[in-house]
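*Asks:* The residues making up each chain are set out below.
Number of protein chains: 2
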Amino acid sequence: MYKAELWKEENQPSLRNFDERELIDSVNEGLGLRGKIEKIVDQIWKDGFDGIYFIGIGGTYASSMQVEVHTRGKSNLPIFVENAAQFLTTGNKRFTKNSVCILSSVSGNTEEIVRLVERVNEIGGTIFSFIDTPNTVLTQEGRYDYLIVSPKNEQLKFFMVANYLMYKNGDFPNYNKYNEEMEKHLAVALVEVEKAADAWACDFALKKTTNFHERPDLPHYFIGSGNQWGATYSYAMCYWEEQMWIRTKSITCEEFFHGMQEIVEWDTPVTLFIGEDEQRSLGERVARFLPKVCGNYTIIDTKEFKLEGISQENRGTISHLVMRAVNNRVDAYMEHFLRHPLSIRRYYRQFDY
Amino acid sequence: MYKAELWKEENQPSLRNFDERELIDSVNEGLGLRGKIEKIVDQIWKDGFDGIYFIGIGGTYASSMQVEVHTRGKSNLPIFVENAAQFLTTGNKRFTKNSVCILSSVSGNTEEIVRLVERVNEIGGTIFSFIDTPNTVLTQEGRYDYLIVSPKNEQLKFFMVANYLMYKNGDFPNYNKYNEEMEKHLAVALVEVEKAADAWACDFALKKTTNFHERPDLPHYFIGSGNQWGATYSYAMCYWEEQMWIRTKSITCEEFFHGMQEIVEWDTPVTLFIGEDEQRSLGERVARFLPKVCGNYTIIDTKEFKLEGISQENRGTISHLVMRAVNNRVDAYMEHFLRHPLSIRRYYRQFDY
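Heads up: the protein sequence lines correspond to chains A and B, in order. Here the UniProt record's numbering is used: position 258 in the first sequence is 258, and no number is missing along the way. Here the UniProt record's numbering is used: position 244 in the second sequence is 244, and no number is missing along the way.
Source of the hints: derived by calculation from the structure; they are not laboratory data. Fair warning: this is a prediction, and the values are worked out from it, not measured in the lab. Be aware that one or more of the hints could be misleading.
Which copy? The list can't say, so a pair holds if one copy fits it or any two copies do.
Claimed, not checked - Once the Cα atoms are required to be at most 27 Å apart in a straight line, the calculated BS3-like pairs of lysine-lysine come out as: (1) LYS303 to LYS207; (2) LYS36 to LYS184; (3) LYS97 to LYS168; (4) LYS74 to LYS93; (5) LYS46 to LYS93; (6) LYS39 to LYS184; (7) LYS152 to LYS303; (8) LYS93 to LYS177; (9) LYS36 to LYS303.
Sequences and hints are given; from them, build the entire structure.
*Replies:* Below, the structure written as structure tokens:
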């Protein structure tokens, strides 16, 4: 067996793949879309709607789940999450010409999303698209009612839509103060999370890489709830499986206790994501259980990060972004220790299927 | 290594753990609840409601997902699925005193469900409970508005509620003919599926057991969509993980193509469940992909079973029951080959956590 440890000693870079300026600018660019978003939501509000559906596939489905759970306990607005492929087959009888579909696509040509747009157009519903890449299929006229072309920050964009909808519905009295705080502090707070997590992330990545090298068959388990569930699900599937080709399983904290717990043994690699939203207690329950049966678990708790300038009551709404910042650091070192460029794919978009 | 093959040759029982009469009687007992269910739904309908929420945890959450997807494309009734633990933490602002919670519990004392009932009572919503075990916490007065105590057939019960709601809403014109057909043929059709699948299931269980013995770390992958998703999710987690202690991962067909596909290799054990509801095409896409990258896949397609007396247009509504019948046979032989009584648990309800 080769020695991952040696790689670390010889090559360990400090803050590998880290461009502080770019990260700050990107988050602020995302937050800077608020004016455009509010104008569009004002129009949607004025026109009236019977449902707001965040619809995605893969990573964008995960982001859709995050924004839905963000609103579910705070607002009685009819905000729902849908999977694009399910919408295209089963459909949704409650989705009408008065319904609004909110979607996001990085490539601007994701197959299921292109077909989703056609279907929503047939029904006569409204399409509000966030597309990262200009001059793509989904930025063509007739493919949207409202369009914002801007790279990255998918979750921020979705949450900004939801937050403004909740504000207009009277569910978000501190909306202005909240945005002031985010616009002033969020970008730097997230960059500081990356810096604070970096050394730990390098060690964690080495540990996980070693686990993987020793037992490549063994899945790495990720557990998380609330707005961490989308993070947990997509991190396991869209990062470790898709980009690193490492087996994973993800499960919510509450469902963990109804089956999956039985296959956790003393040396099973388990990572628990704990955030600070309403479902934090579900993560804490797993945190109490794990040490009793497992010696190879890791807990990443967003509470441990400072988040300068973000008030206590607002921390929970960005827990998923904090976790993403931590995992950015993990990914940078996983790529290095695995010697596996995260951009390569075995099958995805490599041939027709 | 011990020889599972020898066990098969020496011990292979025909139709292990199979009581045809008991199976038929049980399904017919479930279907026989229709009169009681309709009477309760009539009252709920008369009182009016702003939402019908099927709420569960673990296996009952899976059944709730199945009934929701069964109605989503057919009816504009406000029928939703919720996870009990999420309802207890995040809550749902749209769930009001005019909302109805439909739940099921085998034990009659599942922790999350007991607390769910308290929470719904606080809100003032209506509780319609199916409890398998008499004289339990959840059958006590004050813990329900409507109660049916009857063992097994959770999915049938949920679907009967949904079907009658859809009938009353004008979404199910063939309701009477449908029930006539089910009441006349379903029980025997399902028993015939078990008989038809038995020899295959024995071989499949031997193959899977051998895979597990050779590479115990390797997860067994289960893929399925539509009303098969609840079956896929709960079969992987509540049967293989919880009852057999075999690692699994379950994923929907549509999401499989957005990450998980990358970790399928030539010898990865993958089982695809294909049903006959609106999402069948999503399963067929996976069926086209798998053979190109994997030589250790199995497809279980409900279409291959006769289902005497069930019309073509109704087959899709019972695909999950057909799959359950097939898997009953698989489980019987897995238990034998693994020498692992399915009733034992490492941790579940063994100590406080």
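*Asks:* None of the hints should be skipped; say for each whether it holds.
*Replies:* Status of each hint after checking the structure:
no. : hint             : in the structure
1   : LYS303 to LYS207 : within (23 Å within a copy, 46 Å between copies)
2   : LYS36 to LYS184  : within (19 Å within a copy, 60 Å between copies)
3   : LYS97 to LYS168  : both (22 Å within a copy, 24 Å between copies)
4   : LYS74 to LYS93   : both (25 Å within a copy, 6 Å between copies)
5   : LYS46 to LYS93   : both (23 Å within a copy, 23 Å between copies)
6   : LYS39 to LYS184  : within (21 Å within a copy, 59 Å between copies)
7   : LYS152 to LYS303 : within (25 Å within a copy, 43 Å between copies)
8   : LYS93 to LYS177  : between (38 Å within a copy, 23 Å between copies)
9   : LYS36 to LYS303  : neither (32 Å within a copy, 50 Å between copies)
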